[in-house]
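Given the structure of chain A, go ahead and fit chains B, C and D onto it with the hints provided.
Protein chains in written order, with the numbering used here: chain A, 1 to 207; chain B, 1 to 207; chain C, 1 to 237; chain D, 1 to 237.
Hints are computed from structural coordinates only; laboratory data are not their basis. Every value quoted in this text rests on a predicted model; they were computed, and no experiment measured them. The C-beta atom is built at its ideal place from N, Cα and C for all residues, glycine as well. Some hints could be false.
To be verified - Derived Cβ-Cβ restraints for the label pairs, each shown as a range:
#, chain 1, residue 1, chain 2, residue 2, range
1, D, K135, C, V138, 13 to 21 Å
2, D, Q230, C, N47, 48 to 56 Å
3, D, K72, A, T158, 31 to 39 Å
4, C, G131, B, V207, 31 to 39 Å
5, C, A43, A, G94, 20 to 28 Å
6, A, T158, D, G19, 35 to 43 Å
Unchecked claim - Heads up, incomplete: computed chain B residues facing chain C, CB under 10 Å, no partners named:
#, residue
7, S45
8, F55
9, D62
10, T79
11, S84
12, L121
13, K123
14, M125
15, G163
16, A165
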Amino acid sequence: MAWDRNQMAKRAATELKDGWYVNLGIGIPTLVANYVGDKDITLQSENGMLGMGPFPIEGDEDPDLINAGKQTITELNRTAYFDSATSFGMIRGGKIACAVLGAMEVNEKGDLANWMIPGKLVKGMGGAMDLVAGVGRVIALMDHTNKHGDSKLLRQCTLPLTGKAVVDRIITNLGVLDVVVGGLKIVECADGVTEDELHAATEAKIV
Amino acid sequence: MAWDRNQMAKRAATELKDGWYVNLGIGIPTLVANYVGDKDITLQSENGMLGMGPFPIEGDEDPDLINAGKQTITELNRTAYFDSATSFGMIRGGKIACAVLGAMEVNEKGDLANWMIPGKLVKGMGGAMDLVAGVGRVIALMDHTNKHGDSKLLRQCTLPLTGKAVVDRIITNLGVLDVVVGGLKIVECADGVTEDELHAATEAKIV
Amino acid sequence: MQKIYPNATSALDGLLTSGMLIAAGGFGLCGIPELLLGAIKDAGTKNLIFASNNAGIDDFGIGILLQTHQVKKMISSYVGENAEFMRQYLSGELELEFNPQGTLAERMRAGGSGIPGFYTKTGVGTVIADGKEHKDFVGSDGNTQTYIMEEGIVADLAIVKAWKADETGNLIFRKTARNFNPVAAMCGKVCVVEVEEIVPVGTFDPDHIHLPGIYVHRIIQGDHEKRIEQRTVREKS
Amino acid sequence: MQKIYPNATSALDGLLTSGMLIAAGGFGLCGIPELLLGAIKDAGTKNLIFASNNAGIDDFGIGILLQTHQVKKMISSYVGENAEFMRQYLSGELELEFNPQGTLAERMRAGGSGIPGFYTKTGVGTVIADGKEHKDFVGSDGNTQTYIMEEGIVADLAIVKAWKADETGNLIFRKTARNFNPVAAMCGKVCVVEVEEIVPVGTFDPDHIHLPGIYVHRIIQGDHEKRIEQRTVREKS
Numbered sequence: 001m002a003w004d005r006n007q008m009a010k011r012a013a014t015e016l017k018d019g020w021y022v023n024l025g026i027g028i029p030t031l032v033a034n035y036v037g038d039k040d041i042t043l044q045s046e047n048g049m050l051g052m053g054p055f056p057i058e059g060d061e062d063p064d065l066i067n068a069g070k071q072t073i074t075e076l077n078r079t080a081y082f083d084s085a086t087s088f089g090m091i092r093g094g095k096i097a098c099a100v101l102g103a104m105e106v107n108e109k110g111d112l113a114n115w116m117i118p119g120k121l122v123k124g125m126g127g128a129m130d131l132v133a134g135v136g137r138v139i140a141l142m143d144h145t146n147k148h149g150d151s152k153l154l155r156q157c158t159l160p161l162t163g164k165a166v167v168d169r170i171i172t173n174l175g176v177l178d179v180v181v182g183g184l185k186i187v188e189c190a191d192g193v194t195e196d197e198l199h200a201a202t203e204a205k206i207v
Numbered sequence: 001m002a003w004d005r006n007q008m009a010k011r012a013a014t015e016l017k018d019g020w021y022v023n024l025g026i027g028i029p030t031l032v033a034n035y036v037g038d039k040d041i042t043l044q045s046e047n048g049m050l051g052m053g054p055f056p057i058e059g060d061e062d063p064d065l066i067n068a069g070k071q072t073i074t075e076l077n078r079t080a081y082f083d084s085a086t087s088f089g090m091i092r093g094g095k096i097a098c099a100v101l102g103a104m105e106v107n108e109k110g111d112l113a114n115w116m117i118p119g120k121l122v123k124g125m126g127g128a129m130d131l132v133a134g135v136g137r138v139i140a141l142m143d144h145t146n147k148h149g150d151s152k153l154l155r156q157c158t159l160p161l162t163g164k165a166v167v168d169r170i171i172t173n174l175g176v177l178d179v180v181v182g183g184l185k186i187v188e189c190a191d192g193v194t195e196d197e198l199h200a201a202t203e204a205k206i207v
Numbered sequence: 001m002q003k004i005y006p007n008a009t010s011a012l013d014g015l016l017t018s019g020m021l022i023a024a025g026g027f028g029l030c031g032i033p034e035l036l037l038g039a040i041k042d043a044g045t046k047n048l049i050f051a052s053n054n055a056g057i058d059d060f061g062i063g064i065l066l067q068t069h070q071v072k073k074m075i076s077s078y079v080g081e082n083a084e085f086m087r088q089y090l091s092g093e094l095e096l097e098f099n100p101q102g103t104l105a106e107r108m109r110a111g112g113s114g115i116p117g118f119y120t121k122t123g124v125g126t127v128i129a130d131g132k133e134h135k136d137f138v139g140s141d142g143n144t145q146t147y148i149m150e151e152g153i154v155a156d157l158a159i160v161k162a163w164k165a166d167e168t169g170n171l172i173f174r175k176t177a178r179n180f181n182p183v184a185a186m187c188g189k190v191c192v193v194e195v196e197e198i199v200p201v202g203t204f205d206p207d208h209i210h211l212p213g214i215y216v217h218r219i220i221q222g223d224h225e226k227r228i229e230q231r232t233v234r235e236k237s
Numbered sequence: 001m002q003k004i005y006p007n008a009t010s011a012l013d014g015l016l017t018s019g020m021l022i023a024a025g026g027f028g029l030c031g032i033p034e035l036l037l038g039a040i041k042d043a044g045t046k047n048l049i050f051a052s053n054n055a056g057i058d059d060f061g062i063g064i065l066l067q068t069h070q071v072k073k074m075i076s077s078y079v080g081e082n083a084e085f086m087r088q089y090l091s092g093e094l095e096l097e098f099n100p101q102g103t104l105a106e107r108m109r110a111g112g113s114g115i116p117g118f119y120t121k122t123g124v125g126t127v128i129a130d131g132k133e134h135k136d137f138v139g140s141d142g143n144t145q146t147y148i149m150e151e152g153i154v155a156d157l158a159i160v161k162a163w164k165a166d167e168t169g170n171l172i173f174r175k176t177a178r179n180f181n182p183v184a185a186m187c188g189k190v191c192v193v194e195v196e197e198i199v200p201v202g203t204f205d206p207d208h209i210h211l212p213g214i215y216v217h218r219i220i221q222g223d224h225e226k227r228i229e230q231r232t233v234r235e236k237s
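One chain only, chain A, in its complex shape (with noise of 0.2 Å):
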């Protein structure tokens, strides 16, 4: 038993706070804004968009109207577009209140690692790196091991850093777990995963 990704994505939601502005990566982290209910959540698109609407129906689609992975979507009455020197100020600067965001490799110091594996096709690390080092709160949502069972939480990471002591929090299908000094500490076990489970799947050091 564990959490599924929309179930990850509800737990996740469950972190952002009313009022807050908020970044959503690609993958898991998108369904994030599915649950965010009645809270008042303002989504940033890094591209240049502050109030990030849903996607549209079928033929309102705007080629100039995308958000950063490239999806066509929609805008909402509080919409705001800018530069992109103006959003990643407003990311650098410290004024997104927290950053959801996939992740290959977190270790125990909170070191992140999501952009680049050698030796496969190097696309970039897009805007995951100034994210990650210029967000009030950042979290790691992810798969707790990887399709071999390996943990992806990890004592030192082996692939080349997105940033560095950057991750507050983990998300996973097992659990939650705070970046704290010494190494990982567990918030919360997912429905039907126990401690021991979570010890047993996990490399980086729990405290």
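Leaving out everything else, chains B, C and D in the frame of chain A:
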């Protein structure tokens, strides 16, 4: 014989080329705008405006529309407004083709002093240091001598500098001089002024 | 998230402390947060440091806080309009840090944008460069030029005047009253804005917004005097 | 000052040289200067260096210049949509300099604003920081943090897509097609802009202009394909 303020301004206006974006300083430089004629000159006001128009008709003054000298002005049909960081971005970035500025002293290397007299009231440099550092071509428009008859075109400036080696051309009531390697070069004498008179009124080395 | 407050005093509640650094928008008397300055005067907070292009005049703008001796230091580019300022400065009561106008604007933008330092050639070879780090850069023309480092400003509080705000804090400025207001807003840890009109969300075209609401924490609407400093007119032609 | 040209080819006349650095606006395929890219392809200029957030796809955007082997180097943050790019990069035909997206945007703005270098914490502790100057700054919280220096980009040419221009080059962008276009325009020694519509001077409200004409040297109007890269829709609810 020499040029009066309006003749100096008229002479300075001949420096401006069609299509240029220009910043005019406070004082005599402001008069230059009266003599641009049919040339397509766009005036920048460093408090955040391109396309500065003349003073308003009485009754049309708008407290939200002033120039860098804090005077009420008007807009033109080409006008664009922007914030102070953008305004000085275009100044530092060399987008302004020419600035015509007043000066207390200029030396033979093109150093300019126009912001501070030690021991007197300290008002501040405003945008003058940014303008002389960033604008493509800096023209000092000034009286050749002070009220005691002493040259204001010096070997060395005695006042705190606004910028070092920043002046390209000097236009005074007595003539026009360029800052060149080794000193100042006479370009033109004012009406009724001889080269000998210009030499005599100039402390800076004339080459 | 309720950003709208009934008046300037309530909007500043809990934000004012002695010795704090306040970034204020405005150029001369144009686009200054006059209502918030009045409330700061009423609050009587002392030892304030202001990053503001100008210091107002004797009885308007920051000048009203000089009269009450609430200001310890000004970071400004031009303070020539203010006799009381000069008196306090020359008597040593008031500290003054001159910044070239563009440097001050960029320092505010930088501080609000996570940039702790940047290089500029403004002020190189002048007293402004004294004690600052110098660095040479090779330009795109192959020539080497010397620049100085200036630091970003992060203010404890930003006070800003805009023309209109919507209920989420998206701002629109008017003409040259924009000036330092957007960058002051950016550099404040908390940003309080006074406007002439608060409009419902959805009133603004999202492409017309000058400063998105993310920079704005509290908003008030009020009547503005908008005093003119130099009334210059021409003949009807 | 006539800034309007009849078409993309004439607007680029005399501006293209082998080995030049071109800053291009656009994010993905959104807001890219597609007409100017087509004209660069027709001109056949080689060894181009592009500062552009993305590299287009195989048959649109900068991708069309990769197919003709006109590009020597890309300065980008994300190039994942382009198979031909990967082939040329992995075979060593194409150089690639990755910049974090915000660093790239700020480098363009800085280069266009007379700022040759600035500090950022983006990339500290990653390969992006390798070989770059590190400097510690004390924050407003009293804590010391390490930053790296990034340099401003000054491009020989900027190619930009806007929605509308007036005859003096004042520009208005539309929605997220704004993205890198204003900063690309700023950093170009020469800036050529393609728009969907050129309007008479005076059409724009001066407070709605996103980029003043001072940054714009040549303008063309033309028909744009505006291809959508990822068409995502939802059910009517």
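Do the hints match the structure? See the list:
1. D:K135 <-> C:V138: 13 to 21 Å: Holds: the Cβ-Cβ distance is about 19 Å, inside 13 to 21 Å.
2. D:Q230 <-> C:N47: 48 to 56 Å: 55 Å, holds
3. D:K72 <-> A:T158: 31 to 39 Å: At roughly 33 Å between Cβ atoms, T158 (chain A) and K72 (chain D) fall inside 31 to 39 Å, so the hint holds.
4. C:G131 <-> B:V207: 31 to 39 Å: About 36 Å separates the Cβ atoms of G131 (chain C) and V207 (chain B), which means 31 to 39 Å holds.
5. C:A43 <-> A:G94: 20 to 28 Å: This hint holds: roughly 27 Å between Cβ atoms.
6. A:T158 <-> D:G19: 35 to 43 Å: 39 Å, holds
7. S45: Holds, because the Cβ-Cβ distance from S45 (chain B) to chain C comes to roughly 7 Å (cut-off 10 Å).
8. F55: Cβ of F55 (chain B) sits 4 Å from chain C, so the hint holds.
9. D62: 7 Å, holds
10. T79: 9 Å, holds
11. S84: 4 Å, holds
12. L121: With a minimum Cβ separation of about 6 Å from chain C (threshold 10 Å), the hint on L121 (chain B) holds.
13. K123: It holds, given that the least Cβ distance between K123 (chain B) and chain C is near 3 Å, below 10 Å.
14. M125: 6 Å, holds
15. G163: 7 Å, holds
16. A165: 8 Å, holds
The structure meets every hint from the earlier list without exception.
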